[in-house]
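Student: Chain by chain, the residues run as shown.
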Amino acid sequence: MAVGWETVIGLETHVQLRTASKMFCGCSAAFGAPPNTNVCPVCLGLPGALPMPNEQALKLAARAALGLGCTVHPRSVFARKNYFYPDLPKGYQISQFEQPLATAGSLSYLSPDRGVATATIQRLHVEEDAGKSLHDRFPKQTAIDLNRCGVPLIEIVTGPDFRSPQEARTYLLTLKQVLEYAGISDCDMEKGSLRVDANVSVRRAGETALGTKTEVKNINSFAYVEKALTVERDRQIAVLEGGGTVAPQTMLYDSKTNGVRPQRSKEESHDYRYFPDPDLPPLVLSEQFIAEQQTLLPELPAKKRERFVEKYALSVTDAAVLTADRSVADYYEAVVHAGADAKIAANWVMTEVLADAKDHGDGLRVPPGALANLIGLVRGGTVSHQAAKRVFAEVAERGGEPRNVAEALGVMQVADTGVLASWVGEVLTAHPAEVARYKNGEAKLVQFFLGQVMKVSRGKADPKLAQRVLEEKLTS
Amino acid sequence: MSDPSDALASAKAAADRIVRLKRLNACLTPIKELRKSLTVQASTAHPSGVLYGMPVAVKDNICTLEFTTSCGSKILEGYRSPYEATAVAKLKAAGALIAGKTNCDEFGMGSSTEHSAYGRSFHPFDKTRVPGGSSGGSAALVGAGAVPAALGSETGGSVRQPASLCGVVGIKPTYGRVSRYGLVAFGSSLDQIGVLGRSVHDAARVLSVISGRDPRDSTCEERDSLRLPNVPESLQGFVIGVPKEYFPQDLDPAVRRACDRAIRLLRELGAAVREVSLPHTAYAIATYYIIAPAEASSNLARYDGARYGPRFNGSEDVRALYRTTRGEGFGPEVRRRVLIGTYVLSSGYYDAYYRKAQQMRALIAQDFRNVFDRGVDLLFTPTTPTPAFKAGEKLNDPVAMYLSDIFTVTANLAGLPAISLPIGRIKGLPIGGQLIGQAFLEDEMLEAAYALERAVPAGEEA
Numbered sequence: 066m067a068v069g070w071e072t073v074i075g076l077e078t079h080v081q082l083r084t085a086s087k088m089f090c091g092c093s094a095a096f097g098a099p100p101n102t103n104v105c106p107v108c109l110g111l112p113g114a115l116p117m118p119n120e121q122a123l124k125l126a127a128r129a130a131l132g133l134g135c136t137v138h139p140r141s142v143f144a145r146k147n148y149f150y151p152d153l154p155k156g157y158q159i160s161q162f163e164q165p166l167a168t169a170g171s172l173s174y175l176s177p178d179r180g181v182a183t184a185t186i187q188r189l190h191v192e193e194d195a196g197k198s199l200h201d202r203f204p205k206q207t208a209i210d211l212n213r214c215g216v217p218l219i220e221i222v223t224g225p226d227f228r229s230p231q232e233a234r235t236y237l238l239t240l241k242q243v244l245e246y247a248g249i250s251d252c253d254m255e256k257g258s259l260r261v262d263a264n265v266s267v268r269r270a271g272e273t274a275l276g277t278k279t280e281v282k283n284i285n286s287f288a289y290v291e292k293a294l295t296v297e298r299d300r301q302i303a304v305l306e307g308g309g310t311v312a313p314q315t316m317l318y319d320s321k322t323n324g325v326r327p328q329r330s331k332e333e334s335h336d337y338r339y340f341p342d343p344d345l346p347p348l349v350l351s352e353q354f355i356a357e358q359q360t361l362l363p364e365l366p367a368k369k370r371e372r373f374v375e376k377y378a379l380s381v382t383d384a385a386v387l388t389a390d391r392s393v394a395d396y397y398e399a400v401v402h403a404g405a406d407a408k409i410a411a412n413w414v415m416t417e418v419l420a421d422a423k424d425h426g427d428g429l430r431v432p433p434g435a436l437a438n439l440i441g442l443v444r445g446g447t448v449s450h451q452a453a454k455r456v457f458a459e460v461a462e463r464g465g466e467p468r469n470v471a472e473a474l475g476v477m478q479v480a481d482t483g484v485l486a487s488w489v490g491e492v493l494t495a496h497p498a499e500v501a502r503y504k505n506g507e508a509k510l511v512q513f514f515l516g517q518v519m520k521v522s523r524g525k526a527d528p529k530l531a532q533r534v535l536e537e538k539l540t541s
Numbered sequence: 159m160s161d162p163s164d165a166l167a168s169a170k171a172a173a174d175r176i177v178r179l180k181r182l183n184a185c186l187t188p189i190k191e192l193r194k195s196l197t198v199q200a201s202t203a204h205p206s207g208v209l210y211g212m213p214v215a216v217k218d219n220i221c222t223l224e225f226t227t228s229c230g231s232k233i234l235e236g237y238r239s240p241y242e243a244t245a246v247a248k249l250k251a252a253g254a255l256i257a258g259k260t261n262c263d264e265f266g267m268g269s270s271t272e273h274s275a276y277g278r279s280f281h282p283f284d285k286t287r288v289p290g291g292s293s294g295g296s297a298a299l300v301g302a303g304a305v306p307a308a309l310g311s312e313t314g315g316s317v318r319q320p321a322s323l324c325g326v327v328g329i330k331p332t333y334g335r336v337s338r339y340g341l342v343a344f345g346s347s348l349d350q351i352g353v354l355g356r357s358v359h360d361a362a363r364v365l366s367v368i369s370g371r372d373p374r375d376s377t378c379e380e381r382d383s384l385r386l387p388n389v390p391e392s393l394q395g396f397v398i399g400v401p402k403e404y405f406p407q408d409l410d411p412a413v414r415r416a417c418d419r420a421i422r423l424l425r426e427l428g429a430a431v432r433e434v435s436l437p438h439t440a441y442a443i444a445t446y447y448i449i450a451p452a453e454a455s456s457n458l459a460r461y462d463g464a465r466y467g468p469r470f471n472g473s474e475d476v477r478a479l480y481r482t483t484r485g486e487g488f489g490p491e492v493r494r495r496v497l498i499g500t501y502v503l504s505s506g507y508y509d510a511y512y513r514k515a516q517q518m519r520a521l522i523a524q525d526f527r528n529v530f531d532r533g534v535d536l537l538f539t540p541t542t543p544t545p546a547f548k549a550g551e552k553l554n555d556p557v558a559m560y561l562s563d564i565f566t567v568t569a570n571l572a573g574l575p576a577i578s579l580p581i582g583r584i585k586g587l588p589i590g591g592q593l594i595g596q597a598f599l600e601d602e603m604l605e606a607a608y609a610l611e612r613a614v615p616a617g618e619e620a
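As you go down the protein sequences, you meet chains A and B in turn. Here the working numbering is used: the first residue of the first sequence is 66, the next is one more, and so on. Here the working numbering is used: the first residue of the second sequence is 159, the next is one more, and so on.
In short, the hints are calculated from the structure, not lab data. Owing to the predicted nature of the structure, the values given are computational and were not obtained by experimental measurement. One or more hints might be untrue.
[To be verified] Quick partial rundown of chain A residues pointing at chain B, CB under 10 Å, derived from the structure:
1. L111
2. M117
3. N147
4. F149
5. P151
6. L153
7. K155
8. Y289
9. P343
10. D344
[As the list claims (entries may be wrong)] Covered, in the sense of this in silico footprint (three residues per stretch, anywhere, with C-beta under 8 Å from a C-beta of chain A), are these stretches of chain B:
11. 230-240
12. 494-507
All C-beta atoms, glycine included, are put in the ideal place defined by N, C-alpha and C.
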């Protein structure tokens with residue numbers, strides 16, 4: 066990036082709410098059904114049909130707003146956004162305009178440049194999705210799939226708060242984490258359940274007024290967020306440095322070429338003619354409804370991270386890894402509650418548990434109680450740390466109690482001083498030169514002897530006891 | 159009636175009468191299809207229903223499974239709804255027979271039924287005149303005695319105005335009293351299904367059946383269906399207001415005479431009658447002709463030829479498809495209102511028109527509340543400024559046409575129930591008087607209407 070320029074980015078994120086049915090009718094909101102099968106007179110916009118709001122969607126939307134620190138308004142208004150498009154069967158989208166569900170929230174995220182930064186959430190509103198136009202299904206014809214039509218969405222609009230494409234991406238990942246935590250959405254960009262448009266402008270460092278912005282659309286994967294914004298930022302800087310001006314237009318990102326092109330002017334410049342939807346009375350949410358959504362909100366990642374640092378004496382980095390996913394965080398806490406040392410449990414979860422989950426993709430396979438027991442075996446000297454990894458893998462694969470599995474694998478450590486003494490004797494006899502050097506003062510050779518004992522015992526010797534026996538024998 | 163053979167006989171007789179009245183162009187359903195359907199309906203109707211065997215015609219903008227629903231428009235020619243309106247389902251559940259679809263102004267936009275793609279309907283007593291509109295087909299069929307009752311719909315008077323012109327009773331219930339599910343939307347915040355009937359009782363019992371909550375319409379009130387009042391002995395205790403704004407200097411003298419007679423009769427029945435004022439009345443037509451077209455421009459956006467209804471030539475790309483389908487599929491009055499509505503909602507004009515109209519609407523509603531708060535139970539006004547006018551007379555003067563709704567639009571703007579009933583004849587043509595009630599107090603309004611109906615010599619010259 067050219068020196069002396071500042072980037073300013075704001076994001077509009079559409080998130081599909083995790084409901085069984087659509088926003089205004091009883092049709093399934095599931096992804097992937099055969100085209101035009103999840104439809105009814107309401108979502109098809111047939112003459113005379115009327116919308117009925119989905120209460121579960123309103124609950125999730127309110128919960129999302131509360132999770133983002135917004136004020137949820139006791140009265141908001143559904144509005145019609147009018148435009149013609151074949152996959153918009155009513156000729157308007159039911160959305161919210163002048164009076165959105167929620168305003169004035171914020172979300173803190175870890176900026177790669179500035180440390181903890183805060184994005185303002187200007188508004189959060191509820192709307193229905195449009196259908197899908199498929200231009201490549203039939204030659205020279207457009208096919209329309211209305212399954213997605215009427216699926217519930219929330220739109221989350223930030224202020225112009227990001228100073229780099231990296232920040233925008235980090236915010237988005239943080240947002241995704243919050244929404245997944247609270248069970249609002251599965252946030253799958255590939256399935257379209259999270260979509261993002263960005264407003265981008267640049268200005269000379271030190272300027273306070275905003276430059277002319279463009280809107281970047283068609284960013285359809287997390288991987289492209291940073292790329293698309295970087296490309297557009299660089300394009301704007303090049304235009305301005307070349308003495309030109311940035312046109313306020315919509316740019317479409319093309320991931321194949323990693324470039325942006327302006328949307329044809331015919332496709333934009335809509336006057337949406339918003340007005341309150343007369344089919345839907347103002348949305349009135351009682352204090353009790355809003356309070357209930359607040360109580361149904363789980364502890365969110367930032368809060369949980371802080372608590373983990375405080376309560377379990379973990380580093381911020383470790384706490385961040387453990388709280389990145391709600392199920393992992395819950396798992397970690399269950400291991401600790403089952404009696405494991407918090408720090409050791411953290412190490413286990415961050416290494417073996419996450420690696421296993423990543424390799425097998427079928428969740429956290431070792432029950433938290435079993436892991437706590439395994440950690441106990443290591444701590445009590447019954448199993449070595451190395452052997453414990455084998456036990457973990459075995460429990461993950463086939464289940465079972467760690468102690469039994471360790472026995473079956475023959476990796477229980479030997480703490481019988483008689484047996485240990487015979488192994489020690491064997492080692493000392495085999496290495497007379499080293500014994501002599503030890504006796505001449507090379508005390509650190511004890512580690513060498515210990516290694517040999519472990520080798521002779523094929524890892525079964527309890528290292529602490531073995532060391533004691535060794536030292537006794539060498540000094541006697 | 160509770161015998162299936164009676165229901166069949168009733169169905170056949172209704173079909174015969176509709177055939178004899180073909181000249182009215184009031185029923186759009188082909189007669190063979192109508193006969194066949196009525197026979198099937200009569201044999202499957204619920205004998206225990208309160209409307210068992212009663213033929214009820216239905217305006218063509220209300221969805222039925224039995225017949226096409228074209229809304230009097232070419233753009234929905236041959237359209238068959240895969241579902242039926244809640245009001246129609248309730249009628250059928252009560253044993254009524256759906257006696258065909260009635261002609262109307264396209265999508266309910268008009269006051270004469272001349273704006274139908276299927277030709278104009280005729281006044282039952284004078285073929286040179288219009289039956290009013292937009293529910294003109296329903297009014298003409300009831301007025302000519304083909305059916306005892308018919309469903310219509312109102313956005314600005316489309317049940318009461320043709321009822322007045324055809325000499326029948328027309329009820330527009332409180333907004334939210336009857337489900338709009340399946341009523342093809344024109345101006346959603348004003349639309350309400352209403353009933354035209356031979357008598358107050360016929361209209362009221364149909365209204366009672368179709369009223370009540372509906373989980374498919376969130377603007378429909380969470381209330382039980384309307385309970386019918388008894389016919390009162392007198393109107394002792396009723397306070398009836400006569401708003402002076404509804405009796406302007408230039409009111410047709412014959413209409414004034416008919417109203418004066420009705421007011422005298424109301425007094426004789428024991429009601430206290432007092433003059434009241436609704437000061438914002440003068441703004442009602444302008445307000446209405448901003449709000450209704452604004453909503454219509456959005457409600458009618460779905461008719462684009464992409465999914466249902468006919469497509470017209472030159473539909474190569476999607477913009478052309480919209481242009482030709484909407485340009486040729488809609489008639490001139492619908493196009494006019496879509497353009498007006500689009501204009502008043504555009505950015506830069508929204509505040510000056512739509513927002514201002516909403517503010518005025520609130521003031522008009524407040525006028526009524528003020529009067530009712532001062533102890534007035536009901537208001538009495540003329541329904542229409544004139545009896546039935548000549549076909550073609552107002553066709554090229556939209557404002558003159560709009561003014562025929564001058565006494566009716568206020569009840570729609572304020573969401574209040576209102577009824578028109580015949581109160582006399584002017585040179586042989588019927589004229590109606592209107593009672594406007596308080597929200598959800600249809601029962602009081604109907605009591606007064608019952609009493610006035612019994613007292614008034616509706617067949618006599620005013």
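Student: List in ascending order the numbers of the hints, as given earlier, that are violated by the structure.
Tutor: As far as the earlier hints go, only 8 is violated by this structure.
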